[in-house]
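With chain A fixed as given, assemble chain B onto it according to the hints.
2 protein chains.
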Amino acid sequence: MSQTSGVTQRLARFVVETRWDNIPQPVRHQAKRSLINFFAVALAGCRTAPVEIALRSLAEFSGGKQATIVGRCERIDALSAAFLNAAAANVHDFCDTHVRTVIHPTAPVAPALLALAELREVSGADLLLAFILGNEIQARIGLAISPSHYSRGWHITSTCGVFGAAGGAGKLLRLDERQMVWALGTAATQAAGLCECLGTAAKSASVGNAARNGLWSALLAQQGFDGPPEPLAGVQGYYNAIAETPDLSRVTEGLSESWELMATSYKPYPCGFVIHPVLDCVLDWRADHPTAEVARIVVRGHPLLGDRADRPDVSTGRESQVSVQHAAAVALLTGKAGLDEFSNARVRDPDVLALRSKVELIRDPAFSTIAASVEITTADGRIHHRSQSASRGSDANPMSDAELEDKLRRAAAGWEPQHDVAPLIDAVWALDSSADVSALASLAVPRK
Amino acid sequence: MSQTSGVTQRLARFVVETRWDNIPQPVRHQAKRSLINFFAVALAGCRTAPVEIALRSLAEFSGGKQATIVGRCERIDALSAAFLNAAAANVHDFCDTHVRTVIHPTAPVAPALLALAELREVSGADLLLAFILGNEIQARIGLAISPSHYSRGWHITSTCGVFGAAGGAGKLLRLDERQMVWALGTAATQAAGLCECLGTAAKSASVGNAARNGLWSALLAQQGFDGPPEPLAGVQGYYNAIAETPDLSRVTEGLSESWELMATSYKPYPCGFVIHPVLDCVLDWRADHPTAEVARIVVRGHPLLGDRADRPDVSTGRESQVSVQHAAAVALLTGKAGLDEFSNARVRDPDVLALRSKVELIRDPAFSTIAASVEITTADGRIHHRSQSASRGSDANPMSDAELEDKLRRAAAGWEPQHDVAPLIDAVWALDSSADVSALASLAVPRK
Numbered sequence: 044m045s046q047t048s049g050v051t052q053r054l055a056r057f058v059v060e061t062r063w064d065n066i067p068q069p070v071r072h073q074a075k076r077s078l079i080n081f082f083a084v085a086l087a088g089c090r091t092a093p094v095e096i097a098l099r100s101l102a103e104f105s106g107g108k109q110a111t112i113v114g115r116c117e118r119i120d121a122l123s124a125a126f127l128n129a130a131a132a133n134v135h136d137f138c139d140t141h142v143r144t145v146i147h148p149t150a151p152v153a154p155a156l157l158a159l160a161e162l163r164e165v166s167g168a169d170l171l172l173a174f175i176l177g178n179e180i181q182a183r184i185g186l187a188i189s190p191s192h193y194s195r196g197w198h199i200t201s202t203c204g205v206f207g208a209a210g211g212a213g214k215l216l217r218l219d220e221r222q223m224v225w226a227l228g229t230a231a232t233q234a235a236g237l238c239e240c241l242g243t244a245a246k247s248a249s250v251g252n253a254a255r256n257g258l259w260s261a262l263l264a265q266q267g268f269d270g271p272p273e274p275l276a277g278v279q280g281y282y283n284a285i286a287e288t289p290d291l292s293r294v295t296e297g298l299s300e301s302w303e304l305m306a307t308s309y310k311p312y313p314c315g316f317v318i319h320p321v322l323d324c325v326l327d328w329r330a331d332h333p334t335a336e337v338a339r340i341v342v343r344g345h346p347l348l349g350d351r352a353d354r355p356d357v358s359t360g361r362e363s364q365v366s367v368q369h370a371a372a373v374a375l376l377t378g379k380a381g382l383d384e385f386s387n388a389r390v391r392d393p394d395v396l397a398l399r400s401k402v403e404l405i406r407d408p409a410f411s412t413i414a415a416s417v418e419i420t421t422a423d424g425r426i427h428h429r430s431q432s433a434s435r436g437s438d439a440n441p442m443s444d445a446e447l448e449d450k451l452r453r454a455a456a457g458w459e460p461q462h463d464v465a466p467l468i469d470a471v472w473a474l475d476s477s478a479d480v481s482a483l484a485s486l487a488v489p490r491k
Numbered sequence: 044m045s046q047t048s049g050v051t052q053r054l055a056r057f058v059v060e061t062r063w064d065n066i067p068q069p070v071r072h073q074a075k076r077s078l079i080n081f082f083a084v085a086l087a088g089c090r091t092a093p094v095e096i097a098l099r100s101l102a103e104f105s106g107g108k109q110a111t112i113v114g115r116c117e118r119i120d121a122l123s124a125a126f127l128n129a130a131a132a133n134v135h136d137f138c139d140t141h142v143r144t145v146i147h148p149t150a151p152v153a154p155a156l157l158a159l160a161e162l163r164e165v166s167g168a169d170l171l172l173a174f175i176l177g178n179e180i181q182a183r184i185g186l187a188i189s190p191s192h193y194s195r196g197w198h199i200t201s202t203c204g205v206f207g208a209a210g211g212a213g214k215l216l217r218l219d220e221r222q223m224v225w226a227l228g229t230a231a232t233q234a235a236g237l238c239e240c241l242g243t244a245a246k247s248a249s250v251g252n253a254a255r256n257g258l259w260s261a262l263l264a265q266q267g268f269d270g271p272p273e274p275l276a277g278v279q280g281y282y283n284a285i286a287e288t289p290d291l292s293r294v295t296e297g298l299s300e301s302w303e304l305m306a307t308s309y310k311p312y313p314c315g316f317v318i319h320p321v322l323d324c325v326l327d328w329r330a331d332h333p334t335a336e337v338a339r340i341v342v343r344g345h346p347l348l349g350d351r352a353d354r355p356d357v358s359t360g361r362e363s364q365v366s367v368q369h370a371a372a373v374a375l376l377t378g379k380a381g382l383d384e385f386s387n388a389r390v391r392d393p394d395v396l397a398l399r400s401k402v403e404l405i406r407d408p409a410f411s412t413i414a415a416s417v418e419i420t421t422a423d424g425r426i427h428h429r430s431q432s433a434s435r436g437s438d439a440n441p442m443s444d445a446e447l448e449d450k451l452r453r454a455a456a457g458w459e460p461q462h463d464v465a466p467l468i469d470a471v472w473a474l475d476s477s478a479d480v481s482a483l484a485s486l487a488v489p490r491k
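Chains A and B, in that order, are what the protein sequence lines are. Throughout the first sequence, residue numbering follows the working numbering, covering 44 to 491 in sequence. Throughout the second sequence, residue numbering follows the working numbering, covering 44 to 491 in sequence.
Treat the hints loosely; a few may be bogus.
Once the Cα atoms are required to be at most 20 angstroms apart in a straight line, the calculated DMTMM-like pairs of lysine to aspartate or glutamate come out as [what the hints assert, rightly or not]:
(1) K108(B) to E103(A)
(2) K108(A) to E60(B)
(3) K379(A) to D392(A)
The following residues of chain A were derived to be distant from chain B, with all beta-carbon distances above 10 angstroms [what the hints assert, rightly or not]:
(4) G49
(5) D120
(6) V278
(7) R351
(8) P355
(9) D463
Covered stretches of chain A (chain B as the covering partner; in silico rule of three or more C-beta atoms under 8 angstroms from a C-beta of chain B) [unchecked claim]:
(10) 184 to 198
(11) 233 to 240
To be clear, the hints were calculated from the coordinates, so they are not data collected in a lab. In this text the structure is predicted, and so the values were computed from the model without any measurement. C-beta: ideal position from N, C-alpha, C; glycine also.
Excised from the complex, chain A in its bound form (with noise of 0.2 angstroms):
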């Protein structure tokens, strides 16, 4: 009992207490990583079948124009801002990851947090400060369930993001301890999202409510809408409901000491993260041999390699984000791993399909799994051997500040080849300098 009790209101006080002077200078930079990453992928998603039906349908409701829609001319109040701009950022799969718990931390909060500082004054350590926070809370709530929580078929992204967005706004809103512990009570009784729901329009329902929702319990807390004092662990609150038996320890270890932020991984490519070391090695290996005509592809790795992404046949984009053989040849022909490469259009592309059905995969435990090796064989016989230790974008081999700054090139190109992204790029480096962050999100919308 005396383990259990009062975690919420040590969170509470975590988030309330903590000043952007407690806050090491590599965390500070980590959250401008994140915020880098997650423009980048947002600016991907902006425009899918999800955002764009969800945005029509909330227009329907709305009446606001306060908030941001990352890569749109489009304004809408800031709840449904925080919605759609969370469901952007996770569509693809291709944003951040907290690998131990499986939760994509960024999607859920920064939405959050950028359309509140278009109602409220926010200085740029503040949005920073928040986000930090936010994050750290929703990784340490789902850390204590992890990994079962996530392999029960709940999406922790959605489940623990709408703590994140809580915390983190709550944080903005200057809210006391008590209504810190408000915010999270109605935010756990919104947690929601399945993992069923993966590859449909319904995914985004739960990650954009997250953002949404997080955000919304901050506001109403502000305004004494009042909770349970133990919404977390409590006889019937949320790890009794998901049927978890806790490890509360995970929840409060370390505290203010070690800052989950830093064990956050950035995507290079927009597919399954098992694969990412794969194609390092294809890519690298075409680079050098950009003519070469390939007869046979043997990939080795981890054994889950082979039992998330071993998918000789695949017929949709999505599926295609989890077909090593798919992304093996896709790579090899196009010298490339973008969004275009895990297109429907793609994967029915005839040389696509030729190539995927030479590739070839071999499970072995001697590999990591952010490790790989591929032997091509080209059409004159000759044997190439390319290997990669640690993946790009994993925690041994993190990406750089400048691919992530390409990253967000690249996606804003996609939807409109003239949208400058520069000034977004330095506004971002310079937020813990900025007095104002108001404009920060309508950086991220192309002028016309």
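Quick look at chain B alone, frame taken from chain A:
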């Protein structure tokens, strides 16, 4: 596997294919009774703090004035109206109950349909049919996991209500079977709500969301927002995530032959059901002995009465709703058991406190949960007995139509003595002959 396949599709088909002609007369009439009761409880709750705060906050983001808020002159967008009217209807726990699941069935469904009826042309028969079908699927989805789902801490009105709202709204929108499965999928991934929040404003968030998100799921599905084929019984779907082994036969057995709406109970008193037979005894006795001074009251009832309502000391109106001592005392003192008798002020009334201490409770397994007896000793030393074998409002002794009308009249008069609800009552009873019900909800707003 065969048992689990297609349960969502079967429910979707049932909703899509069932016609008004298929609905037996008693079920049609019960639907109207549920609406009378709904307007009563929504009127009773329409100016409580959770509704006031949520309205103030939503109004900041909503530009629409499409829909009515029961009991209030403000208008708001249809999604927000669905939220607010559901929250208001459930806030006092005075609404109807499907006893086997403990779902309060009308609060999530009716507000979604009434809001939609202000957006699209809907006949009275359409409205009743959609209400009956939404009610049916939410009850059946809940029956498959009752009672464990509620016991574990899930607020089942919220977690199943979202399906009822989606199904009912989908029926009004004339979704086809595929779209209806999508709507139920987007509903499933938004299913949330924790009993830990009971007694706080946070409860209203999940109940309101059930109506709002169910309605929105149907609207999205109509526009092509897709979802998985088996959101309920899929391996990462609703039932698996909430960690239940559903009895799927209860979802589909007798579908379109029996009607769960007939198992709806309406509450004559705004307190726990187990207390109702005690109130019947006390109020009947007091009516016959209006001036007798009471020295001692011995209450005898099923052990559940003790488990749920043995609270000799309570300090808030909310707690008093589950205190048999308070209920017996206040009913003896005032001869009434309405909302005023369970207010914060009443709980602190010295006369109530004095009488409360004279209430003694005996648990007796010989009683059913809807039966009780009281033994009242008056100051003159005489002992009076009353007993109730089936409480008013229970399945075995349902409230009459006239009693429901009276409940509605009292609730309306509580906020606005001049509010004439006769046109509303007449309109509900005449629903099956109404070609357009867009003005129905507005009859629940007092004229200034």
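Verification of the hints:
As the CA atoms of K108(B) and E103(A) are separated by approximately 11 angstroms, the hinted pair is consistent with the 20 angstroms bound. For the proposed pair K108(A) and E60(B), the alpha carbon gap of about 40 angstroms is over 20 angstroms, so the pair is violated. The straight-line distance between the Cα atoms of K379(A) and D392(A) is roughly 15 angstroms, inside the 20 angstroms bound, and the hint therefore holds. The beta carbon of G49(A) is kept farther than 10 angstroms from every beta carbon of chain B, the shortest such distance being approximately 14 angstroms.
The Cβ of D120(A) sits about 4 angstroms from the closest Cβ of chain B, inside the 10 angstroms cut-off, so the non-interface label is violated. The Cβ of V278(A) sits about 7 angstroms from the closest Cβ of chain B, inside the 10 angstroms cut-off, so the non-interface label is violated. Distance check for R351(A) against chain B: the nearest CB is about 14 angstroms away, which clears 10 angstroms, and the non-interface claim stands. Its beta-carbon lying about 22 angstroms from the closest one in chain B, P355(A) satisfies the requirement of being farther than 10 angstroms from that chain.
The beta carbon of D463(A) is kept farther than 10 angstroms from every beta carbon of chain B, the shortest such distance being approximately 31 angstroms. For the segment 184 to 198 of chain A, the stated coverage by chain B holds: 4 residues have a C-beta nearer than 8 angstroms to a C-beta of that chain, and at least 3 were required. A count of 8 residues in the segment 233 to 240 of chain A with a Cβ less than 8 angstroms from any Cβ of chain B is obtained; the coverage claim is therefore met, three being the minimum.
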